[in-house]
Structure formats: C-alpha cells, structure tokens
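There are 2 protein chains.
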Amino acid sequence: MKKINLLSLSSILFIGTMAFVAPAQSAGNLAKVELGKKLFFDPRMSVDGTISCNSCHNVMAGGDDNRPNSVGVNGQHGGRSSPTVWNSGAMSVQFWDGRANTLEDQAKGPLTNPIEMGMKDHAAVIARIQQIPGYVEEFKKAFPKEVKSEKDITIDHFASAVADYERTLITKDSPYDLYMKGNKKALNAAAVRGMALVQSVGCTSCHMGSNFAGPALPVGSGFFQKFPVYPGSDFDKKYDLVKDQGRFEVTKNAADKNTWRVPTWKNVAVTAPYFHNGSVKTLDEAVKVMAKTQLNKELKSEEVNDIVAFLQSLTGKFPEQKMPRLPATEGKSFF
Amino acid sequence: MKKINLLSLSSILFIGTMAFVAPAQSAGNLAKVELGKKLFFDPRMSVDGTISCNSCHNVMAGGDDNRPNSVGVNGQHGGRSSPTVWNSGAMSVQFWDGRANTLEDQAKGPLTNPIEMGMKDHAAVIARIQQIPGYVEEFKKAFPKEVKSEKDITIDHFASAVADYERTLITKDSPYDLYMKGNKKALNAAAVRGMALVQSVGCTSCHMGSNFAGPALPVGSGFFQKFPVYPGSDFDKKYDLVKDQGRFEVTKNAADKNTWRVPTWKNVAVTAPYFHNGSVKTLDEAVKVMAKTQLNKELKSEEVNDIVAFLQSLTGKFPEQKMPRLPATEGKSFF
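From first to last, the protein sequence lines are chains X and W.
All the letters of the first sequence, read from the start, carry residue numbers 27 to 361 under the working numbering.
All the letters of the second sequence, read from the start, carry residue numbers 27 to 361 under the working numbering.
Since the hints were made in silico from the structure, they are not lab data.
Be careful, since some hints might not be right.
In silico lysine to aspartate or glutamate, DMTMM-like type, Cα no more than 25 Å apart, as pairs [unchecked claim]: (1) X:Lys307 x W:Asp74; (2) W:Lys323 x W:Asp270; (3) W:Lys343 x X:Asp199.
I would like the entire structure built from these sequences, with the hints used as guidance.
So this is what it looks like as structure tokens:
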C-alpha cells in the first residue's frame with residue numbers, strides 16, 4: 027500500500043460534482059452478488075453461529091453497528107468502531123488502518139479474528155459451506171468455470187462473492203447530490219452555509235472528492251492522515267485519541283504513528299458514534315473535535331450547526347433490497 | 027391458559043388437508059406490519075445495540091438461530107432453544123412453556139430479559155423509540171387514532187406491530203401440501219411411507235392438525251404434553267431431557283412437571299438442533315429419541331429414514347420479503 031501525503035495533494039482541493047468513484051472491479055454477475063449477499067448475512071460463518079458480516083456492518087442501517095466498538099463471538103469487544111459498508115467499494119483501501127487493499131482482502135479478515143467471527147481458519151469456513159448443499163449449488167452458478175463440485179470452493183470465491191455484493195451497496199441522490207445537480211431547494215440555508223464553511227475552515231483539505239474521503243486513488247493506495255495533527259488538546263485525553271496508533275500498528279513505521287485512513291462523509295449523520303474508537307457520540311461534538319485537533323480552530327456554535335446541517339445533507343438514498351434466504355443446513359446443526 | 031390433555035383429544039387424531047390455522051387476529055394494516063418488521067430487525071431495541079428479535083428468530087433462515095440455546099447481550103446463553111417464528115401465528119400459546127398467550131405478550135418478554143435483550147424496563151425501550159424521529163412518524167401512521175405524538179407510544183403499540191409482522195410469516199406449498207392438493211409426484215416413495223408411519227407409529231397423536239402441533243385451539247389454550255412420557259431411557263441422561271421442568275417452572279403445578287407445548291413440524295428439517303434444550307443435533311436422532319421417550323418404541327433405521335423423508339417434505343416456501351430500512355438515530359448514538 028502506498029501512502030499519499032497531504033502536501034502533494036494541495037493542488038486538488040475541491041468539493042464538487044465529480045462522479046461517484048467507480049468501483050474498482052465490476053459488480054460481477056447476478057448469481058455472484060446474490061451469493062455474496064447470503065454469505066454476508068449468514069451467522070453460520072462464525073464459530074458459534076451468532077455473528078455475520080451484517081452484525082457489525084448493518085446494511086439495514088448506515089452500514090455500521092452504531093456502537094463505539096463491535097461485539098464479536100462470546101461477547102468480546104474489539105477496539106475500533108466498524109466503518110460503514112455502504113459505498114465502501116469507493117474506498118481505495120479498507121479498514122481504519124488501510125491494512126487491506128481490496129474488499130476481497132477485507133472480507134477474509136473478520137472470519138478468523140478470534141474476537142470477531144472466531145473461526146479457526148479459512149478451511150473451517152469452507153468446510154461449513156461444503157456441508158450446505160444450497161451454497162454448493164450457488165457457488166457452481168456464480169463460478170461456473172472454476173467450481174464443479176464442493177471441493178473446488180475456496181476462500182477466494184467466498185471473498186469475491188461478498189466483495190461483489192458490497193460493491194452494489196451504493197447510496198445516491200442525497201440532498202447535496204440533488205443540489206449539485208441543480209435543485210437549489212434541496213439544501214436549506216444552514217446546509218449551504220455549512221458547505222462554504224467546510225471549505226473555508228479547511229475540512230475539505232482531507233475530506234475532498236466525490237466520496238469526501240480524499241482524492242480518487244488507485245485501489246491499494248490509501249489516503250492516510252495524522253490524527254490529531256495538533257496534539258495536546260483536552261480532547262486527546264477526553265476521547266482517548268492517541269493510544270491506538272492506527273496505521274503504525276500495521277507498518278511499524280514511525281511516520282505512520284497515529285495516522286488513519288480518511289473516512290467518508292457520505293451518510294456520516296447516520297453512522298454515529300465517531301472516530302476510530304467511536305468515543306464521540308454526537309456529530310456536533312465530532313465537528314468541534316476535528317476543528318480543534320486537525321486545524322487548531324475553535325468553531326462558534328453557529329458554525330458547528332451549519333457544518334452539521336451540511337453533513338446531514340450527505341445522507342443518500344439507500345436502495346431497496348430483497349431479503350436474502352439462507353440455504354438450509356438440512357436436518358442437522360453445526361452448533 | 028387452559029391445559030388440554032391428550033385423552034380428551036383421542037377423537038380428533040388426524041393428519042390431513044385441513045386449512046392452515048387462521049391467525050387469531052388480522053394482520054393489521056400495512057403500515058403496522060412494516061413498522062413491526064423494522065422493530066423486529068432493530069438491534070437498538072437491546073441494551074447495547076447488539077441483539078434484535080431476528081438475532082434468535084432469524085427469518086432469513088428457518089425462523090430460529092440453529093443453536094442449542096440463544097446468545098443474548100454480553101455473550102450470555104439462555105437455557106432453551108429458540109422456537110421458530112415462522113408460522114408462530116398459528117400457535118395458540120407462545121414459548122416452549124406456553125407462558126404467553128399471544129404473540130403480543132411474547133414480543134414484550136425478551137426485551138427486558140437480562141440475558142436476552144437486557145433493557146432495564148419497557149419504559150427504556152419506549153424512550154429509545156421516542157428519540158428516533160423516523161419511528162415516531164411510523165407509529166403515528168400505524169396507530170393514527172392513538173398516537174398523535176411520541177408521548178403516546180406505548181409498549182403495547184410496539185408489541186402489536188411486531189406481532190402483526192410475525193403473523194405475516196407463513197410458509198406454504200411444501201411438498202406435502204402440494205401432495206395433499208393432488209400432485210402425487212410432490213412426495214417421493216420414502217416420504218409417502220413416512221407419512222403412513224407417523225400415523226401407525228403414533229407420532230400424530232400429538233403432532234396432529236394442519237400445523238402438526240396439535241388440534242386447533244383458541245388463543246391462550248395450550249396443547250401441552252409430557253416429555254418424556256416414558257422416562258428412564260438412556261436418552262434422558264444423554265440429552266439432559268428431564269432437568270428443565272418446562273411448564274412446571276411457570277405454573278408450579280405438579281401435573282405440569284416436564285410438560286411442554288407441542289412444537290410444530292412445519293419446517294422442522296431446517297430448524298435443527300432439536301428439543302427444548304437443543305441437545306439433539308440431527309433430525310434422525312430426534313426421531314429415534316421421540317419414538318423411545320414418547321411411545322416406548324425402537325424404530326428400525328429404515329423407518330427412521332422414511333419418517334425423516336416425510337418431515338423434510340414439510341419444509342414450505344418462504345415468501346420473499348423486502349429488507350427493512352431502519353430509521354436513523356440522526357447525528358447521535360445510544361451506545
């Protein structure tokens with residue numbers, strides 16, 4: 027994964043109507059997407075049958091779990107807040123620390139994380155799938171050239187199907203989107219003021235681009251930033267912002283200490299609580315914290331309100347989906 | 027709740043084409059059902075935001091969690107296996123021990139059970155709902171005469187909406203249903219033999235009626251039976267069948283010791299593991315255990331196979347559903 031730093035991007039500060047970043051790979055065929063949706067919702071992919079991808083990345087909500095950290099098998103808590111799965115296909119790297127280049131790589135991680143889905147290894151996941159006849163048939167349809175029988179199913183097929191389902195999770199037509207298309211009534215006055223403020227205050231020096239998560243970069247190139255840029259404020263302690271060193275925990279490069287993938291603003295109003303550790307419960311407080319820690323500015327409450335109004339206008343329309351039907355484990359139980 | 031005993035029903039032993047037991051109450055208006063669906067899927071109805079009704083009664087699967095017991099907040103395990111929510115509207119009492127007369131009464135229980143959803147009390151549930159503007163609007167639409175503002179929402183409205191959604195969860199057109207309608211190819215030879223066996227062996231003395239859960243009874247009148255009828259077999263110890271005293275735990279009447287609501291056979295093949303404690307992992311073993319403990323019979327393996335084939339033919343078609351969209355907790359988090 028390459029790291030892009032802020033200064034080299036100073037020429038592309040913008041906020042605008044740029045088209046949604048195209049998912050890096052095609053959404054695949056329908057059978058694959060439908061299979062991926064089932065796997066995404068299937069708690070049998072966890073060691074005790076209680077946790078699915080959707081448990082922490084709830085697509086019926088904002089694509090996260092609205093918790094400071096996620097709860098995996100046996101009531102175990104992770105240390106970070108789930109990023110949203112909505113529009114995740116537009117992110118050039120995955121996880122808060124960008125440790126996965128692709129949605130495929132990301133999808134493999136939680137399965138075997140002992141505090142998330144807790145499976146012993148990927149072979150154990152595949153062994154489960156091989157015992158569910160409905161899944162075997164669906165893998166054959168989704169990968170007709172590669173999967174002729176249950177023995178041909180691999181974790182890469184699993185990840186490919188889940189990732190292609192995730193690439194369909196795109197929200198559109200937020201009030202902001204409609205405004206930029208010419209409907210000047212789509213935003214209220216506060217949101218319009220907030221839109222100007224996020225530029226003048228400096229927020230969009232990082233939260234730029236159509237996904238408000240940085241410039242369009244090739245898959246595998248992450249847009250990482252320091253947080254806090256201005257350490258030492260009361261917020262550091264109050265919200266425990268410094269302890270988790272972010273990307274440094276992956277790379278062990280000193281330059282990566284306390285750097286993080288810049289998260290999207292899309293649907294930010296429906297994905298509280300905020301930051302990598304979910305320590306901030308409300309959007310207005312998150313705005314204040316960011317202004318102070320990243321730009322060394324103290325915003326007036328009217329400014330905070332306007333910026334919040336703008337951020338609320340970035341909530342898109344969530345497309346309707348058919349509820350998946352999980353293939354049965356006929357006449358037996360894994361648990 | 028009245029108790030119906032076996033002998034008084036000897037005249038209505040049958041297995042046949044009787045219409046599906048009509049839900050006791052109307053499915054209500056569409057707004058109420060849609061609201062109930064959202065509440066059913068919403069983990070914010072639990073104390074830490076991790077457990078929804080659907081966590082243990084997974085409608086994307088067989089309406090249960092395919093586990094011996096369910097896992098609630100903080101990784102706590104209950105003592106019983108989740109009954110299926112599919113076709114639960116056709117049951118005349120709810121829970122394994124029939125302690126709730128209606129789906130409405132049932133829906134209120136897990137919310138405040140400390141090892142299930144863990145809410146302090148029903149007021150805490152309503153306080154959450156009142157802070158979610160999208161829900162307030164939906165309660166107004168679902169109960170236009172009763173709910174004019176958030177202050178009018180009660181736990182009875184919650185329960186009514188959830189129960190009316192559950193009443194829509196009906197499976198139809200199982201191979202058995204199609205066979206009884208005249209399609210003689212819908213069942214294979216083993217299933218046809220099994221259909222005869224469940225009568226001749228005696229299973230249908232309890233698993234009778236269109237829901238294979240007993241005779242049609244008014245709501246609130248449970249069809250309870252002793253289990254085991256013939257105690258002392260090796261199975262008692264092997265599967266720990268006797269310790270949980272079932273309905274006695276509710277009524278403290280000696281006559282209710284180790285009695286249970288007779289569960290439905292509909293979709294039984296997709297709701298392993300089996301029995302109140304989910305101690306039996308496979309359907310064929312469940313058939314053997316029941317024959318021995320309830321009828322003092324040891325079945326030949328061919329008989330078991332035929333009965334299993336018949337039970338598999340009771341898996342119906344699960345209707346397509348639209349995935350609910352949960353109203354947002356805008357700009358803030360409960361957790």
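So, going through the hints one by one against the coordinates:
With a CA separation close to 14 Å, the supplied pair lysine 307 (chain X) and aspartate 74 (chain W) stays within the 25 Å bound. Proximity of lysine 323 (chain W) to aspartate 270 (chain W) is assessed by CA-CA distance (about 24 Å); at most 25 Å being required, the pair is judged to hold. Pair hint lysine 343 (chain W) plus aspartate 199 (chain X) does not hold up; C-alpha atoms about 36 Å apart against a cutoff of 25 Å.
The structure fails to meet hint 3 from the earlier list, while all remaining hints are met.
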